[in-house]
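2 protein chains.
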Amino acid sequence: MTAYDDLIAFDRETQALAQIAGRLGWDQETMMPRGSADQRGEEFAAIEGVLHARRTDPRVGEWLATAEAKDEVATAMLRQIRRSYDRAMKVPAKLAAEIAKVTSKSQGIWAEARSNNDFAAFTPTFKEVLRLKREEGAALANGGDIYDAMLDDYEPGAKAADLVAMFDAMRPRLVALREAVLAKPQPAGVTGTFDEVAQLKLSTLLAETFGYDMSRGRIDKAVHPFSSGSGNDVRITTRTAADDPFNCFYSTIHEVGHACYEQNIDQAYLLSPLGGGVSMGVHESQSRIYENQLGRSRAFTGWLFGKMRDAFGDFGIADEVAFYAAVNRVNRGYIRTEADELQYNLHVLLRFDLERALISGDLEIDDLEAAWNDRFEADFGYAVDKASNGVLQDVHWPVGLFGYFPTYSLGNVYAGNLHAALRKAVPNLDDDLSRGDLAAATGWLRDNLQQHGGLYEPRDTIRRAIRAEPTEAPLLDYLEAKFSDLYQL
Amino acid sequence: MTAYDDLIAFDRETQALAQIAGRLGWDQETMMPRGSADQRGEEFAAIEGVLHARRTDPRVGEWLATAEAKDEVATAMLRQIRRSYDRAMKVPAKLAAEIAKVTSKSQGIWAEARSNNDFAAFTPTFKEVLRLKREEGAALANGGDIYDAMLDDYEPGAKAADLVAMFDAMRPRLVALREAVLAKPQPAGVTGTFDEVAQLKLSTLLAETFGYDMSRGRIDKAVHPFSSGSGNDVRITTRTAADDPFNCFYSTIHEVGHACYEQNIDQAYLLSPLGGGVSMGVHESQSRIYENQLGRSRAFTGWLFGKMRDAFGDFGIADEVAFYAAVNRVNRGYIRTEADELQYNLHVLLRFDLERALISGDLEIDDLEAAWNDRFEADFGYAVDKASNGVLQDVHWPVGLFGYFPTYSLGNVYAGNLHAALRKAVPNLDDDLSRGDLAAATGWLRDNLQQHGGLYEPRDTIRRAIRAEPTEAPLLDYLEAKFSDLYQL
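Chain order of the listed sequences is A and B. Here the first sequence stands for residues 1 to 489, where the numbers follow my numbering. Here the second sequence stands for residues 490 to 978, where the numbers follow my numbering.
Treat the hints as calculated values from the structure; they're not laboratory data. Quick caveat: nothing in here was measured; it's all calculated off a predicted structure. Quick reminder that beta carbons are idealized off the backbone N, C-alpha and C, glycines included. Don't take each hint at face value.
Only pairs whose alpha carbons sit at most 35 Å apart, straight line, appear in this in silico DSBU-like list of lysine-lysine [stated by the list, open to error]: (1) B:K579 / B:K616; (2) B:K796 / A:K201; (3) B:K583 / A:K70; (4) B:K690 / A:K221; (5) B:K559 / A:K105; (6) B:K796 / A:K221; (7) A:K221 / B:K710.
So the derived list for chain A, only partly shown, Cβ under 10 Å to chain B, looks like this [to be verified]: (8) I20; (9) E29; (10) T30; (11) M31; (12) P33; (13) A45; (14) R216; (15) R218; (16) D220; (17) K221; (18) G229; (19) N232; (20) L270.
Interface residues of chain B toward chain A, partial, derived using beta-carbon atoms under 10 Å [stated by the list, open to error]: (21) E502; (22) D516; (23) T592; (24) L759.
Using the sequences and the accompanying hints, generate a full structural model.
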């Protein structure tokens, strides 16, 4: 056994334990009896303790010091393990424990403040979270930029300056497009109530249509849709609303995008550091292209219209054209998670700018609500009515996730690039989509991106798939063309 | 922090990790996609590795050497931790790994041999399993009796010699009772098909009626009913058969007996070495008294008859008396898990005698099938027709579980003792049962036995509940009275 072999064998067990911890999270959201919460908290702490001990095990450092990579795959394995090890070693155990404790407590305080629309009730806790996360960021940055260090946790290699340039180019075009669309009359939405069993049945058909392998996954209901797990046990959740079947269907397709990425990674990387999606941004590119560029396309919605008519009869939409408009309706609204394809990125850009200002110290938490509301009105054209529709709407900051939001929009940008490349590679894509045939599209994504898992760095993963440098242009061009057509701009 | 505090804190994390491993097992039988089996195997191995490392951690030995117990509870905590540590330290890691490997492989070979009714196809593997388990038993026995050492894994403190005396006293009376009953005409069984949804609904009602706390548990379907977990997350499974609703109902009540034992342990023992059932035999006493002495009683079946009439209408049974006879019908059969209350222990006694002979070397595996068939015919009065109905029917030996079978009958004996004491403590029990009111019965079991968890040694746990020495007499008296009445002997 060489140092490399020892390291990989040790890491494989760590990966297996991380899968178990992930499945415990899945169980908590889907199966766990409500009276088990406290006990579950201790169980989580115990396995997180084991994982932390393994990630900072001195032997990992020793193996890394002498391990030699024989090929590209081995080089990538070592890179990933080194990144994880360096990251874990930089944060003092006491600080990590304090962050875990405070963020666990803060979630409840945030939830109560949100239900009372009282930002001030959350600010003392929020200041503590921010202080600790800045301290952690400083430890990770090691003299470099703190926000970049935070970003690196979710999108290795990304730099805030590059994202600023990209997002600054997007913002005016998105604001203008949004304004033009909302000046036009709204298309009709669906009407009536939609049987839950029928929704879930069609949801499963959609999952399989998009290539989700049910023999290595399962679909359950949960309050918040998510995808969980890697390799051969990748589970998704969805939700239903009686008056809005699109909530279920597009939640499912979105999560199937995440799940197929995990399922389609080369089996040779199973339980290795290459066996999961390479970054949040690349992950989101998969969920978004499945959901939006493919799932909300004119061609595919034509097929879906037929399936919905079969399942639900008349639901107030006359034909495929009206259905396409209903699926892509742009509504005024405050909530990021309910936003349409056009407005979604404006929500993210707002958070990105505010969180960078919080981390740099340019913005104080006491001024955050006003800053949020000013920015919202500037970009969306109307005022936030209450904190639960504004600064208190997302769980991310309360639990210490800074540097996470921009990966959503980066994922959308990457999806725009991938979509442009896919259209060139599969010229008759709309013919396929109009028959509900996703094989060529998802096959192209599998072969050109998904199979590689963590083999290449995130941006390089996209670059190799599209054979060009990723930019924001294809996403913006796509959105402008799509919504100009839909709203006759 | 004293050595005792350090030890308990460390053990608490180990207990939490053991709960996670248990829940992974639950997931495998209920939720896991079939394509995940290989990955799950690695996940199991990883967490078992963590648990083994913690159980043999040198610090545990050091803490045990100096830890001082201040009271009865602390004394019991140390006793349980010391037992687990000594047990883990006695078995060489190489042998433990070999056993894990061989028994994992042997299960598949056994399953195939069973489906081909070919015992000879399994004997080479079985010999290997037996050889390794005897080696392990010798390591555990440390010069003492190997079978007693094996028994100690499941029933701490029990001795084969005591069980032999007890079982030898039971066998002739059971054989005679069985013979007398089977000479009589059989009562009618239920007819028709029973809707699965309605079965599961009544199954849940039964679980709650027997005191199962659904806010700290859940019921799912599985091929084999089981109970899993301790403390505030104790889950059970059941199964359904369209033509046999009793399969579902009594599986549920049986597992609820196990689960309530776990749920009713003093919350002060949560995630401690006292926070689980104290032995297999005591556990089985709870499942059996719930299922048989309470669930199959004349009084309770009267209530159940009404519930079944409400749920299913007419199912071929005219009244409560006929229903009581149908529930307790004694059938000829080969399979232990399908056996009724009367014959069940004869199945166990057969296995107990044969496995002791295998371990002592008095019986060779090559002669096992013939020995099984001879003994079966002697006790049951007819010949085994095929190996899957005989020596190949149970998974226990193929996976190396020797010393486990007798705990089933010990549990039945204990249930007999508890039932006699319960009848004295709750004189109007039948009134309660006839109204479907289990509160007094299960409350008595909770207060006198279940709450103690691992505080007392197994036999002492029973002794304290019944305030006498447990013997086989009450079970035999109960069975003879019940079946004499039912079959008019």
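The hints, checked one at a time:
The straight-line distance between the Cα atoms of K579 of chain B and K616 of chain B is roughly 23 Å, inside the 35 Å bound, and the hint therefore holds. For the hint linking K796 of chain B to K201 of chain A, the alpha-carbon distance of about 33 Å falls within 35 Å, and the restraint holds. As the CA atoms of K583 of chain B and K70 of chain A are separated by approximately 31 Å, the hinted pair is consistent with the 35 Å bound. The hinted pair formed by K690 of chain B and K221 of chain A meets the criterion: a straight-line CA distance of about 21 Å does not exceed 35 Å.
Only pairs whose Cα atoms come within 35 Å are accepted, and K559 of chain B paired with K105 of chain A is accepted, the gap being roughly 34 Å. Restraint check for K796 of chain B and K221 of chain A: the C-alpha separation of about 31 Å stays at or below 35 Å, so the hint holds. Distance check on the hinted pair: K221 of chain A and K710 of chain B sit about 18 Å apart at the alpha-carbon level, within 35 Å; holds. This hint holds: I20 of chain A has a C-beta 5 Å from the nearest C-beta of chain B, less than the 10 Å allowed.
A distance limit of 10 Å between C-beta atoms decides the matter here; for E29 of chain A the minimum to chain B is near 13 Å, and the interface restraint is violated. For T30 of chain A, the shortest C-beta to C-beta distance to chain B is roughly 9 Å, which falls under 10 Å, so the interface hint holds. The beta carbon of M31 of chain A is positioned within 10 Å of a beta carbon in chain B (closest approach about 7 Å), and the interface hint is therefore held. For P33 of chain A, the shortest C-beta to C-beta distance to chain B is roughly 5 Å, which falls under 10 Å, so the interface hint holds.
Below 10 Å, beta-carbon pairs count as interface contacts, and A45 of chain A has one with chain B at about 7 Å; its hint therefore holds. The interface hint given for R216 of chain A is met, as the beta carbon of that residue sits about 4 Å from the closest beta carbon of chain B, less than 10 Å. Residue-level restraint check for R218 of chain A holds (minimum Cβ-Cβ distance to chain B is 6 Å; threshold 10 Å). With its C-beta approaching chain B no nearer than about 8 Å, D220 of chain A sits inside the 10 Å limit, and its interface hint holds.
This hint is violated: K221 of chain A has a C-beta 13 Å from the nearest C-beta of chain B, more than the 10 Å allowed. Because the beta carbon of G229 of chain A sits about 9 Å from the nearest beta carbon in chain B, less than 10 Å, this interface hint is met. For N232 of chain A, the shortest C-beta to C-beta distance to chain B is roughly 5 Å, which falls under 10 Å, so the interface hint holds. The restraint placing L270 of chain A at the interface with chain B holds, with a minimum CB-CB distance near 7 Å, inside the 10 Å limit.
Hint status for E502 of chain B relative to chain A: holds, with the closest Cβ pair at about 4 Å, below 10 Å. Hint status for D516 of chain B: holds, given a least beta-carbon distance of 7 Å to chain A, under 10 Å. Interface restraint check for T592 of chain B: the shortest CB-CB distance to chain A comes to about 20 Å, outside 10 Å, so the restraint is violated. Residue-level restraint check for L759 of chain B holds (minimum Cβ-Cβ distance to chain A is 7 Å; threshold 10 Å).
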